[in-house]
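Could you slot chain W onto chain R? The hints should help.
Spelled out, the chains give:
Protein chains: 2
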Amino acid sequence: MLGLALSHPGDELEAELSDSPGVEIVDVTGDGGVLSRDAGQNVVGRAAADVLRRAGTRSGVRLWLHKQMPLASGLGSSGASSAAGAVAVNELLGRPLSEHDVVLSAMEGERAASGTPHADNVAPSVMGGIVLVRSYQPFEVIGLPLPENLHISVVHPHCEVSTAEARRLVKGRTYALDEIVTNLGNVASLVAALGRGDLELLGRSIEDRLVEPLRARLIPGFDAVKKAALDAGGLGCSIAGSGPSVFAFADSVSAATKVGDAMQAAFRSAARLDSDLFAGKVSSSGARVV
Amino acid sequence: MLGLALSHPGDELEAELSDSPGVEIVDVTGDGGVLSRDAGQNVVGRAAADVLRRAGTRSGVRLWLHKQMPLASGLGSSGASSAAGAVAVNELLGRPLSEHDVVLSAMEGERAASGTPHADNVAPSVMGGIVLVRSYQPFEVIGLPLPENLHISVVHPHCEVSTAEARRLVKGRTYALDEIVTNLGNVASLVAALGRGDLELLGRSIEDRLVEPLRARLIPGFDAVKKAALDAGGLGCSIAGSGPSVFAFADSVSAATKVGDAMQAAFRSAARLDSDLFAGKVSSSGARVV
Numbered sequence: 001m002l003g004l005a006l007s008h009p010g011d012e013l014e015a016e017l018s019d020s021p022g023v024e025i026v027d028v029t030g031d032g033g034v035l036s037r038d039a040g041q042n043v044v045g046r047a048a049a050d051v052l053r054r055a056g057t058r059s060g061v062r063l064w065l066h067k068q069m070p071l072a073s074g075l076g077s078s079g080a081s082s083a084a085g086a087v088a089v090n091e092l093l094g095r096p097l098s099e100h101d102v103v104l105s106a107m108e109g110e111r112a113a114s115g116t117p118h119a120d121n122v123a124p125s126v127m128g129g130i131v132l133v134r135s136y137q138p139f140e141v142i143g144l145p146l147p148e149n150l151h152i153s154v155v156h157p158h159c160e161v162s163t164a165e166a167r168r169l170v171k172g173r174t175y176a177l178d179e180i181v182t183n184l185g186n187v188a189s190l191v192a193a194l195g196r197g198d199l200e201l202l203g204r205s206i207e208d209r210l211v212e213p214l215r216a217r218l219i220p221g222f223d224a225v226k227k228a229a230l231d232a233g234g235l236g237c238s239i240a241g242s243g244p245s246v247f248a249f250a251d252s253v254s255a256a257t258k259v260g261d262a263m264q265a266a267f268r269s270a271a272r273l274d275s276d277l278f279a280g281k282v283s284s285s286g287a288r289v290v
Numbered sequence: 291m292l293g294l295a296l297s298h299p300g301d302e303l304e305a306e307l308s309d310s311p312g313v314e315i316v317d318v319t320g321d322g323g324v325l326s327r328d329a330g331q332n333v334v335g336r337a338a339a340d341v342l343r344r345a346g347t348r349s350g351v352r353l354w355l356h357k358q359m360p361l362a363s364g365l366g367s368s369g370a371s372s373a374a375g376a377v378a379v380n381e382l383l384g385r386p387l388s389e390h391d392v393v394l395s396a397m398e399g400e401r402a403a404s405g406t407p408h409a410d411n412v413a414p415s416v417m418g419g420i421v422l423v424r425s426y427q428p429f430e431v432i433g434l435p436l437p438e439n440l441h442i443s444v445v446h447p448h449c450e451v452s453t454a455e456a457r458r459l460v461k462g463r464t465y466a467l468d469e470i471v472t473n474l475g476n477v478a479s480l481v482a483a484l485g486r487g488d489l490e491l492l493g494r495s496i497e498d499r500l501v502e503p504l505r506a507r508l509i510p511g512f513d514a515v516k517k518a519a520l521d522a523g524g525l526g527c528s529i530a531g532s533g534p535s536v537f538a539f540a541d542s543v544s545a546a547t548k549v550g551d552a553m554q555a556a557f558r559s560a561a562r563l564d565s566d567l568f569a570g571k572v573s574s575s576g577a578r579v580v
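Those protein sequences? They're chains R and W, same order as listed.
The numbering used here numbers the first residue of the first sequence as 1 and each following residue consecutively.
The numbering used here numbers the first residue of the second sequence as 291 and each following residue consecutively.
Looking at chain R on its own, in the form it has when it is part of the complex (with noise of 0.2 Å):
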């Protein structure tokens, strides 16, 4: 129920709007080959689509979409692509929707992507900053405070985590009360904390008892990585999405940019791992023209 926006990586998506109706996908790269040209099955298609269909016109677009996000790393690739699709969209028919709206529209592709039109990625996506997901019925969304100085490193070791494993762990077990409510103390904690702009507490508060012990034994020396995060002086420290990937936060770029690195090392040291480290602001903006 909570997202943020990196300021990197992020997709680039071309969009030209089209006589014929619908979405047509011309091209897209950096994904490997892996992903789908077909417009209905692939999620900056379904999410462009919903624009279109939402703004109720008759117009179609062009699409070259061109990958930067890792696929299958924890990171919302998915919903970058969806985010991407709907903003698009909707800036090149002069906005009709409203960012709500356009945070529906990019839920369609993460339906594709996955079943159920979750928000934690594309909201933030298309939002920026850090958005809570209260509620889906109603769908109720809400931007919290971002303090100034809030940095992020997000370390994607090369390895793949299922994400059918991943979700079965924590869906097919039920709860004790007192995980839960060591949750519930740290995620009000958590707000609390970007509302006072205190990001020791923000820090205390990244503490997950429910869905961290489970998914940390599909990522290989996750305990390793964690304890180095926090050795070199990261604010909190857990699994990004479903991971692989490993965040932290900071209160610096270079204090990001070194605890990035004792993430680094701890995967090559305890898993032979190699990774990717992306240092840097949490983004106050979301998608956007270029």
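It is worth saying that the hints were derived from the structure and are not from the lab.
Quick reminder that beta carbons are idealized off the backbone N, C-alpha and C, glycines included.
Keep in mind that a hint or two might mislead.
Straight-line C-alpha distance at most 20 Å; calculated EDC-like pairs for lysine to aspartate or glutamate [claimed, not checked]: (1) W:461 to R:179; (2) R:171 to R:120; (3) W:461 to R:178; (4) W:517 to W:541; (5) W:517 to W:497; (6) R:227 to R:261; (7) W:517 to W:502; (8) R:171 to W:469; (9) R:171 to R:212; (10) R:227 to R:200; (11) R:171 to W:468; (12) R:281 to R:261.
Just so you have them, the derived chain R footprint on chain W, three or more residues with Cβ under 8 Å [said to hold, decoys possible]: (13) 417-424; (14) 464-475.
Below, chain W without anything else, positioned relative to chain R:
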């Protein structure tokens, strides 16, 4: 992990220093004779003794407790007495303890009352306002922003809920992930609402899928009372503590009174229960010298 301070009712405690060490409870009034006069068995005595211990003093104290909080109501009656005991003795000694340590001493009263030293009642009773208990190990409480116009109606129906039964209901089972995520989203938005001063959002966030459905069945007429509160303009409605009291938020004293009247009428018509109404501001101050 969340609690708040009512403007009224509240217990009154008279306290004076004594040359003989330890705590003497001289008298207790307003309790119908049910509370122990033995300082080792009464929450106010236990909290007072813990302050003496922490302060390392050889002095003792004599206490007169005038109960005004209803017992076994869900309003934190034992927490109010515990807070009074800890704050009063700390004041008499010239405030040797920090607020943090006064809360810890008050928790010793709760340990005597319920077996576990929980802080959700005593922390707001000592500190005032709305308080989050983020963690017990290590112990950390956080005062949340208190909107100026936040009012509350609390209705205490004249019936009894077994605390043991109320606890057994929630502790003797486990919970599904989708219910948990709903509560996580709502507690996060509750804190965000306090930060924004958005009372409508605060009201929408009073949505408890975990505990309320289990404990509601112990309160005769609960569904009718909740509906009456919301129909009368209450900003959210749920159970106070383990019940049987029910609370609703409002944005003015007149709205709080109107909502409270509606809740009392519903207790009468749906369950033939008389009740007491406490309507007023959430108190920004906790236990204090009067």
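Hints, verified against the model:
1. W:461 to R:179: holds, 12 Å
2. R:171 to R:120: holds, 17 Å
3. W:461 to R:178: Holds, at about 9 Å.
4. W:517 to W:541: Judged against 20 Å, a Cα distance of about 18 Å means the pair holds.
5. W:517 to W:497: holds, 13 Å
6. R:227 to R:261: holds, 13 Å
7. W:517 to W:502: Holds, because 14 Å separates the two Cα atoms, which is no more than 20 Å.
8. R:171 to W:469: The given pair, whose Cα atoms are some 12 Å apart, holds under the 20 Å limit.
9. R:171 to R:212: holds, 13 Å
10. R:227 to R:200: holds, 17 Å
11. R:171 to W:468: holds, 9 Å
12. R:281 to R:261: holds, 16 Å
13. 417-424: holds (count 3)
14. 464-475: With 10 residues in contact (Cβ-Cβ under 8 Å with chain R), the coverage given for the segment 464-475 of chain W holds.
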